[in-house]
Amino acid sequence: MSVDTTTESAPAPKRGRNILLGLTLFGLLAALWLALGLSTNAFWTPGNISNLLRQGAMTAILAVGQTFVIITAGIDLSVGAIVGFTSVIVAWLLQAGVPLWASIILTLLMGVAIGAFHGFGIVRMGLPPFIITLATLTSLRGIGLLITNGSTISINHEGFTNFSRTDFLGVPSLFWMVILVAIPAFVFLHLSRFGRYLFAVGSNSEAARLSGVNVNRTIYLAYILSATCAAFVGLLLASRIGIGNATQAEGWELQAIASSVIGGTSLFGAVGSVHGPLLGAFILATINNGANLLNVNSFWQRIITGLLIIVIVYFDQLRRRGSR
Amino acid sequence: MSVDTTTESAPAPKRGRNILLGLTLFGLLAALWLALGLSTNAFWTPGNISNLLRQGAMTAILAVGQTFVIITAGIDLSVGAIVGFTSVIVAWLLQAGVPLWASIILTLLMGVAIGAFHGFGIVRMGLPPFIITLATLTSLRGIGLLITNGSTISINHEGFTNFSRTDFLGVPSLFWMVILVAIPAFVFLHLSRFGRYLFAVGSNSEAARLSGVNVNRTIYLAYILSATCAAFVGLLLASRIGIGNATQAEGWELQAIASSVIGGTSLFGAVGSVHGPLLGAFILATINNGANLLNVNSFWQRIITGLLIIVIVYFDQLRRRGSR
Amino acid sequence: AQEVTIPIIVKDTTSFYWQIVLAGARAAGKDLGVNVPELGAQSESDINGQISILENAVAGGPAAVVISPTEFKALGKPVDEAAKSVPIIGIDSSADSKAFTSFLTTDNVQGGRIGADGLAAAVKAVTGKEEGEIAIITSLPGVGSLDQRREGFLDQVKTKYPGLKVVADKYADGQATTGLNMMTDLITANPNLVGVFASNLIMAQGVGQAIAENKLGDKIKVIGFDSDEKTVGFLKEGVLAGLVVQDPYRMGYDGVKTALAVSKGEKVEAFVDTGANLVTKDNMADPKIDALLNPKVN
Amino acid sequence: MSSLEELSHRHDDQAKRADTVPRGAAILELRGLQKKYGLVEALKPATVTFLAGEIHAIVGENGAGKSTLIKLLTGVITRTAGEVFWCGKPVQLATPTEAISRGINAVHQEVVLCAHLSVAANMFLGDEMNRYGMMRKGAMEKAAQAVLDDLGFQLPAAALLGSLTIGQQQLVATAKAAMRGIRFLIFDEPTAYLTRQESAQLFRLIRRLRDQGVTIVYISHRMEEVFELADRVSVLRDGTHVGTRLIGETNETELIALMINRTIEQIYHKEKVAIGKPIVETKSLSGPGFEDVSLTVRSGEIVGLYGLIGAGRSEFALGLYGRQPVKSGEIYWEGQKVEIPHERKAMDLGIALAPESRRDQGLCLNLPIGLNINLPVFKRLSSGLVIRKGDEAENAERQIRDLRIKTPSRRVLASAMSGGNQQKIVIGKWLSHGAKLFIFDEPTVGVDVGTKAEIYRLFGELLKRGAGIILISSYLPEVYELSDRLHVFRGGRLVASHDHRAGTHEDVLTQAIGI
Ligand SMILES: Nc1ncnc2c1ncn2[C@@H]1O[C@H](COP(=O)(O)OP(=O)(O)OP(=O)(O)O)[C@@H](O)[C@H]1O
Ligand SMILES: Nc1ncnc2c1ncn2[C@@H]1O[C@H](COP(=O)(O)OP(=O)(O)OP(=O)(O)O)[C@@H](O)[C@H]1O
Ligand SMILES: [Mg+2]
Ligand SMILES: [Mg+2]
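Residue numbers (our numbering), protein chains in the order written: chain Y, 30 to 353; chain H, 30 to 353; chain D, 7 to 304; chain E, 2 to 516.
Simulated from the structure, these hints should not be mistaken for lab results. No residue lacks a Cβ here, since even glycine has one placed at the ideal position from N, Cα and C. Some hints here could point you the wrong way.
What the hints assert, rightly or not - When the alpha-carbon atoms are kept at most 20 Å apart in a straight line, the in silico SDA-like pairs for lysine to any residue are as follows:
hint : chain 1 : residue 1 : chain 2 : residue 2
1    : E       : 380       : H       : 243
2    : E       : 138       : Y       : 224
3    : D       : 90        : Y       : 196
4    : E       : 380       : H       : 246
5    : E       : 437       : E       : 300
6    : E       : 143       : Y       : 196
7    : D       : 36        : Y       : 196
8    : D       : 221       : H       : 196
9    : D       : 302       : H       : 243
10   : D       : 90        : Y       : 195
What the hints assert, rightly or not - Computed from the model, here is a short list of chain E residues facing chain H with C-beta under 10 Å:
hint : residue
11   : 275
12   : 276
13   : 278
14   : 334
15   : 338
16   : 339
17   : 343
18   : 359
19   : 377
To be verified - Just so you have them, the derived chain D footprint on chain Y, three or more residues with Cβ under 8 Å:
hint : stretch
20   : 76-82
21   : 154-164
22   : 172-180
23   : 262-270
24   : 315-322
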């Protein structure tokens, strides 16, 4: 109920910190790109850069949605399951002959509904976010499998499945989708008062409530945004793989969370940005892309990813403490 | 100044609550067992009860270790990976001709080392528990796969692989292992001062520190206990399936956390017990066992598990609020 | 002269089966002087991951790519696209694409049928007739090759062995322990069970363990899929009645060999079936079978 | 028009639409208002009337129900029974939003703000200035700064709240409430963390608001403040409203008698104890927030530290206690030079610290009172690793009894205690520790008169046992009356020292401010 003033748990980001952090992560990404450019011929080819932008896109969108939730000091473990589930939903709708636009809208609404259910569980039933989203994670995979009877649903809509492969102005359409999500997300989080309410709720929800902030609505909002981002990614995935399959995107929730944290979001809430998770997601994508190009054994790839997460977050902590 | 507090205005004391909660979960378990006994003939056979005790055992031990960590307001996402990893370690050691006792001790020490590394990351490097354990989760699987080269190591030590199948006094040895862990865990958490320190650190680490609690050591202790429990489960798993395989026990961390929370542990820290997670683990095992006996579709099984988690935790919350 | 690079992309690098494929490819690389990056997703259900790996591999400018698509439909377009810049050789499973230059596959539906035949024979050997309750356990839902094995198995049972009744059709979560728990529960729930088809390696291990624990090798006949030291041991002990074994080593080796030939402009066969065999205690000493069971990994 | 008025009349339309009553008429009436927490009746049915434009003080001992009453009025908690009339009409006041919309606002006993947001963002939280749906960050910051300057609070509006001291945060909360509470403003122990100078500023603000017609409710344990400010005063005892008096028709003795049902002859009880050998001596001790501090504490002696907010006293205490690294200087313990690298070393030597912020540093709020009290001494209560349950219970219950902590059981969670009772738990933690040096940082914040007297008597007990005490307080009468030696801090340095009751209040204050 009181303001948490102990110095450890209330990192005191100065004004410029967010920008500085963004810059430094950007520096890290640039350094990675430079190093890979020097060590492999293939890295700086247009084809590979396109690949990279495509490969980071889905995690990036998930990470932005996840960041809204983490800023409120919550967590959304269900995003991977939502991606798999909504890929089934859209495939099912298309197969049933529902027009494309309606299928897309219905699928996104499904995301809204799932997010609202999470909000309901947290706000009305008083469940910890970890638990309610873990439960939907389990159940959604089950429902998706039931719909497909454990198998996959093919999507025969050419326009839909070609979309993820097209380019626009030389940039892959999947990356345009990141921009499409990131710009309103930025306006929402950093410029509108609803964004500020997310921070306030994450910092001290009692204080927010006493100030007349509708805390419940803010929590609903965060989880709906996260689930809707996930449903959107479900559409993109369905387009990319051309099928609906409920077991896809397993473990993506952890990648989204990791991207968000690498991007400077604090799991204790009230610290985060929109550009951070985007950079985090593309750093992770670069590590994978680079490892493939360098022909690093896929097991080593896991080990390196784990170590890099530690190193990146550690330096971020250092910088934060230093900039106090 | 008089303190005229009448006894009838006493809010339900905490101790009674714990027992009540324990009892009620126990009641739930009993109800489940009764219902299953009525709906299938096979449930109340000695063989099936043995199976059930065996099936819940490993999650139960993981959940107890996890509970220590959660009480300090932390989380250990790595336990599933540790199980898989240590199953590889023990198989590897046995294959290399290391005597059984030495293999077991070395494997457990590996658990201690991993837990200590987590403590180091949290205490010295200032990383959030979620992140450091997520990183080890990723890396450990990689190391395990590297050791086995993506495959499995068979264990040819008959005594070791027979162990998990034996009974003692009619009770499966795996369940004896639960008791072997639970009794010292109970003494540690509920009767020793270190247990109190875990609660204090989880509630307010600054207050604990100023009261002379060695907060860092307490955190080290919690993570070492959790990782060692996981290493112990790794031994049991290796004995049970007779192989070392780094990709085993995937997702068990979430099951352990769910068991712990179903058992009344609060993810915000400072609330938890030893009997709670045990009951939680056996409730989950019963759901799976029952679903198998009733030949419930595997996909429905997932859906039901998710829903039951919500229902159980919800009623637990209600009871808690009511008893305040 | 620059070294020729032919990457091989498998479905799941964390499985023994695919490690044998990679071992074959590695051997071919050594024999033929080709650089063979060993790539692959980390789970058979990670379709998107495999697409990304394919894209990355093509970006590296190889002479050809050998791939085993995780999913028939999903990999179709990516393979089409990749084939625009480099020849693609398919192994093990196919994809919805006409762009493959050559195919070395084993028919998983056929594998399922072989499993059904093996199970029926094993049941008959004990009870004298092809009758009784049987079960199938699939390791993971949503995996193309496992779906095909299940389909082949169920179809064969339905058409050829009407006396065999499938009383349980279960999906696990890719964990041996889950397979083990499921099997012990099946034993409890279905005392008349006579046979089980465990359609991949990890399930064969889990199910085998359950049979071994309950010493039911004589009563319940289990057919597994693929082999490793552990399951071969089970086969010897009579815990498992049979294993459906493919030739992953050859697929890897010949895949790279064919790819090299294609990249040099040579003509290759468009379709090769590397086959699947039923291994039982009786034929396991057979030299040909023995070579399948003990591939030269490493 | 000043910045404050400009802002507080931002919602004038709304205020005009709302009912108004003439000055002196009843603006808010409580009829049989009651609050139960489970079986605990925190507020028994109370009937109180507040008049428009008055300063209405509420007094009562710890746990009497004052904060509960305030929380009911501001929609923080909902009532169990009773009715509330606002300008003669029944209202619900079920949510903070409803209270705010009627112009009711409060500065709560515990600072309730967002540490991660800036001062300006906190002041405008829930009531942002918008244009085209976007926040006007610059405009809000400017307006917030103007209000802070107008009120004479020297705080930067752009600073992060978490970087301020509790006292400064309290000022932000005050500014925020003043900016919004255009009809009815409640202060729950606002001076607890303020020094005399800040208090004076606050009083000026309160009178100014009253003159504008705002109704003020003022809760305090400090009688002189009540008599200085209030027009009327209501007394609560054990959740019961025992009376309301015009300030001119009552006196301190009567109020205290109403509050605690007995009289206290002397609050500042100072035990006469022979002063003995030095226990601790610091020589030019410097660390984060304090510099070059040399002082000595002898057995049987109270050493008082006085200063304004941010003078560095707490930092000095934490440095001496090993919580924060000391940069330079020396510490002598009973004549021996020692290093105190961590808190455990301090405890082993025999130092006890009752820290400044009970919520952040003092208590594990969601754990039982008993566990909190025993936390520093579990080692002593254990044989080997295992705790002796009997001793554990006995120690906790003794402290609860001795300190008269108002709880039915040691198993009740600390969070269910009123502010003053929580403070007693913090003190109780250290009494059985057997320390030689006690550092009390703001020990009487939020503590009622009766308990204050108890605490001062307790100091006497400790001194008689041969202990020494460092008493850090921003409440000048307290340090002034009790200290054998009074040190004044300013800007992290020790700037002046006085013997017992040497120099006047004004001298000390001047030295603390530094004019
Ligand atoms: N959340 C709660 N649950 C149970 N009891 C509570 C709760 N909050 C307060 N109480 C009880 O209600 C009573 C009144 O508390 P309140 O905070 O109103 O006292 P107060 O008069 O403000 O005291 P102080 O001067 O110490 O601040 C106390 O006995 C307290 O223990
Ligand atoms: N984490 C920090 N980093 C830098 N300076 C700090 C930090 N915390 C406090 N300070 C500064 O140290 C000085 C001493 O603060 P401190 O809280 O010790 O003062 P105090 O005399 O105890 O006052 P109060 O009455 O507020 O308790 C202040 O100027 C404060 O701004
Ligand atoms: Mg109060
Ligand atoms: Mg202080």
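Check each numbered hint against the structure and report the violated ones by number, ascending. Hints 6, 7, 9, 11, 12, 13, 14, 15, 16, 21 not satisfied by this model.
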